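A.B. asks: In order, the protein sequences belong to chains A and B.
First residue of the first sequence? That's 6 in the working numbering, and the numbers climb one at a time after it.
First residue of the second sequence? That's 4 in the working numbering, and the numbers climb one at a time after it.
These are calculated hints, taken from the structure and not from any lab test.
These numbers were taken from a predicted model, which means no experiment stands behind them.
Fair warning: there could be bad hints in the mix.
Covered stretches of chain B (in silico footprint by chain A; criterion: 3 or more residues with CB under 8 Å from a CB of chain A, positions within the stretch not fixed) [what the hints assert, rightly or not]:
| hint | stretch |
| --- | --- |
| 1 | 254-268 |
| 2 | 298-310 |
| 3 | 313-324 |
Straight line, CA to CA, 16 Å or less: simulated EDC-like cross-link-like pairs of lysine to aspartate or glutamate [to be verified]:
| hint | chain 1 | residue 1 | chain 2 | residue 2 |
| --- | --- | --- | --- | --- |
| 4 | A | Lys99 | A | Glu22 |
| 5 | A | Lys391 | B | Asp261 |
| 6 | A | Lys289 | B | Asp373 |
For every residue, glycine included, the Cβ atom is placed at its ideal position computed from N, Cα and C.
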Amino acid sequence: MSDLEAFRSETRAWLEENCPATMRSGVGESLTSGEGDICWGGRKFQFKSEDQKLWLERMGSRGWTVPTWPTEYGGGGLSKDEAKILQEELRRIKAKPALVSFGIWMLGPALLKFGTHEQKLEHLPKIARGEIRWCQGYSEPNAGSDLASLATKAEDKGDHYIVNGQKVWTSYADQADWIFCLVRTNPDDKHNGISFVLFDMESEGVSTKPIQLISGYSPFCETFFDNVTVSKTNLVGEENKGWTIAKYLLTHERTGISDMGMPAPLNSLAVEKLGTVDGELEDKMLHHQIAEHEIDAASFVFTMERAKDEAKAGGDMGAFSSMLKGYGTEINKARHELIVKVNGSDAFEWEGQFSNNGEIARSWLRTKANSIEGGTTEVQLNIIAKRILDLPA
Amino acid sequence: MAMILNEEQQLLKESAEGFFNEKAPISQLRQLRDDKDETGYSKQLWTEMSEMGFAGLLIDEDHGGTGFGVMGAGIVAEAMGRTLSASPYFASSIVGASLIKAAGNDTQKSTLLPAIAAGETIVTLAVDETSTHNPERTSVKATSAEGGYVLNGMKTFVPEGHVADQIIVLARTSGDAGGANGLSLFLVDRRAAGVIADRTVMSDSRNWAKITLEGVKVSAENLLGEEGAAMKALGPVLDKANIILASELLGIAQECLDRTVAYLQERKQFGVLIGSFQGLQHRAAQLFSEIEVTRSAVMKAQQMAEMGGDVSWFASLAKAKASKTAELATNEAIQMHGGIGMTDEFDIGFFIKRARVAQTLYGGFNYHADRFARTSGY
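So that you can see chain A by itself, here it is in the shape it has in the complex (with noise of 0.2 Å):
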C-alpha cells in the first residue's frame, strides 16, 4: 500500500469514528446564503449543538480545519496530496465544515507569507481550532472601490499607534474577536503610505454597529475607532508596506468569492417545483433561460479548475482571479434570479414557516452584493484590461 492509501484509509477510520453524525448533513451552506448552522468560532460564538462543539474540537486538535498549514502553527501539516485525499473523504461522509472563518481562508494566508514567527505562533493556532475570530476592516465611507484612498489614521507613539477613525462594510464586526486593518500611516504617499495592523475589539475605543441590508440580514457593520492603542508588534510586513498585502488578501478573497463549486442543477429545482407536461417544463421561456445559464455556469465551474490546475502547475494567478471574480459573482446573481422566477410568487414571501422566513427572498437579494463586495465587477474589468490586456491607462 502506498502511503497516500495508507493515509486515506488511517483518515476514513478517523472521520468514521470522529465525525458526529449530526454533523454529516450532505450540502454545506455557502457563504451567499443566510447564516445557517455555519460555526464560525470565536469567544462569542454560540454552538448549535453539542455535536457542533466536538466536531470543531476534533478536527481543531488535528489541525484538520486547516489541512496544509504547519503543524507549528496549529495546522495539519498535510501536502497538497494528502489535503486532497481529506477533503474527498471528507465529502463522501458529507461532513459539515467543522470551521469557517476569515481568519482561516483570508489572515492566515497573510500571516503565513508576510508575518513574523512570533505573529504566527501567536493568532495560527488561534484560529485552527477556533478560538478567535477576525473581521476585516478594510472600506471606509470615503474609501470604496478606490480602496487606498483610506484615510484611518493611526498616529506613530514610538512602541505603538493611535488609530482614529472609521471602516464600513466590516463583516460580522459586531461578532469578532479581532480585527485586520488597514490604517494610514503616511498622509503624503497614497499606496505607499498604509499599513497593516491587527488588534483586539475589545480594545478601549472601539465600537461597532450594525448595518440592515435589503436582505433584512445584517452582516456588514459600521466600525469606529476612537483613539485606539495599537502595539507596533502587531504591525504586520513593514510600515506604510500595507498596500502590498492588501492586493494579496484581495486576490484570495475573490478567488474564495469565485468558488462556489458545481451547484445543483436547476432544472431540477423547477422540475421539483413546476412539474412536467408531456416530459418538459410548461413554460418554454424558463426552459431556454435555465439551458443558456447551465451552459455558462458549467463552463466557469471547469474555468475553477483549470485555473487550479494551472496554479498547482505553478502558474501565477495574479489578475486571472479578477475575471474569476466578475464573472463567477454575476453567474451566481443570474442563477438567484432564475430561482426566483422559477419560484413565482413563493419567491417573495418574506415571513413564515412555509418560506422559512423568506430564504428564497434573502438570499435572492443578498447575491446582489457578491458583484460589489472584494471589488466591484467594473473595478474587476479595470484590473483585466490594465493588467492583463495592458490597455493604455
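Based on the hints, put chain B in the right spot on chain A.
C.D. replies: Relative to the frame of chain A, chain B by itself:
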C-alpha cells in the same frame, strides 16, 4: 486529467501556430478568394500539412496516422481558426476519418485511412438536406437493387463537397423522414455516374457544395457500417466534429480579441489612445472573460472525448458556448475597430464571415443549447 496542456500538446500548439502563421496566413485565403480558385484551398499547403502529420491526427499509427487524438486535433483546429487557413482538414481528417474509423470494416479502413492521413484522398460527409441541421430528417433514399443500392435525393452544406474523392452519404434505407432508425451510410465516389456536385461559394470563401444524387448505383461493399443503424456511429462522430468546430471558433474569438486589443493600443482619437477609454476597456475585458470561460468548456470536451464514452453533453456544451462567444467576439471586433472594421481591405471582417458558417455547421447555439438541456434531463 489536469486541465493543462502536457508537454507534447504544448509543442504541437507551438508548431501548429508557427506553421499556419508562416504558411497560411489570412492573406492566403484572400488570394484564393480573389483568384476565384477552383479548389478553394492551396494544394501545396495541404501537402505540407500532411507531411507535418496534421492530416492524420485522428488516425492511429497502424493506418499511417499520428494518433494525437481529439486534444491534438482541437489544438490544430484552434491554430487554424486564428489564421483562417483553408484546407480539407476538417472535412477529411476529422469527419471523414472518424466516420470510417467508427463504422468502416477492415478493408475500408485499410484502403481509406492511410490515404486520408497522407492527404491523397479527401473524404467528406453529406448529412444535411435543409438549411437547419437535423440528421433524422434525412429523406435521401437508398433502395436495394441487384447486389447493391440506388441513391436518390439532394444534400446541402457539404464541406469540400466539390473536391472530395469520396462522399459519405447519409441515406434512408427504411422508415420515414424524422426517425432515427432506418438510416445508413454509403461511400459514394464523387465521380460516379449520377453524382452532381455544385460548388456553393459561401461567406467564408471556403469550399462547400450541394450534392444531387440521381439514380446513383453503389455496390453492397460501399455500405459503411450496419444497414439501418447509421446514427450509432454518426452520433459520436458528430460530437467529435462539433468539439473540433468549437476549437476553431475559440481560435477565431481569441484572434479577434488580440487584434482588437492591438488596435485599441495604437488608434488615437480626441488626442489619446482609444484603449484608454473605459467604455472600450470594459467591452474588451468582458470579451476576454467570455473567451477564457469558453476555453475551459472546449478543453473539457476535448479531454472527455479523448477518454471515450458518450460525450454528447460535453460536445453540445462546448459548441453552444463557443458559438455564442465567437458571435460576440466577431461582432465586438468590428464595433471596436469602427469604420475600418467594415472595409474589405482590413482583415477583421474575414473572421465574422467564417465564424457564422462554422457555428451553423452541425447545429448552432440553439440546436446545441436545446440538446444540452435534453441530455441534462429537461
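A.B. asks: Would you say the stretch 298-310 of chain B counts as covered by chain A, given the rule of at least 3 residues with C-beta under 8 Å?
C.D. replies: With 5 residues closer than 8 Å to chain A, the stretch 298-310 of chain B meets the three-residue bar; holds.
A.B. asks: Is lysine 99 of chain A close enough to glutamate 22 of chain A, meaning Cα to Cα at most 16 Å?
C.D. replies: 14 Å, holds
A.B. asks: Would the pair lysine 391 of chain A and aspartate 261 of chain B pass a check requiring their Cα atoms to be no farther apart than 16 Å?
C.D. replies: 14 Å, holds
A.B. asks: Just to be careful, I want the Cα atoms of lysine 289 of chain A and aspartate 373 of chain B compared with a cutoff of 16 Å; is the pair within it?
C.D. replies: Measuring from Cα to Cα gives roughly 11 Å; hence the hint holds.
A.B. asks: Can the stretch 254-268 of chain B be counted as covered by chain A under the rule of three residues or more with Cβ-Cβ separation shorter than 8 Å?
C.D. replies: Satisfied; 3 residues make the cut.
A.B. asks: Counting residues of the stretch 313-324 of chain B with a beta carbon closer than 8 Å to any beta carbon of chain A, are there 3 or more?
C.D. replies: holds (count 3)
Against the hints set out earlier in the document, no violation occurs for any number.
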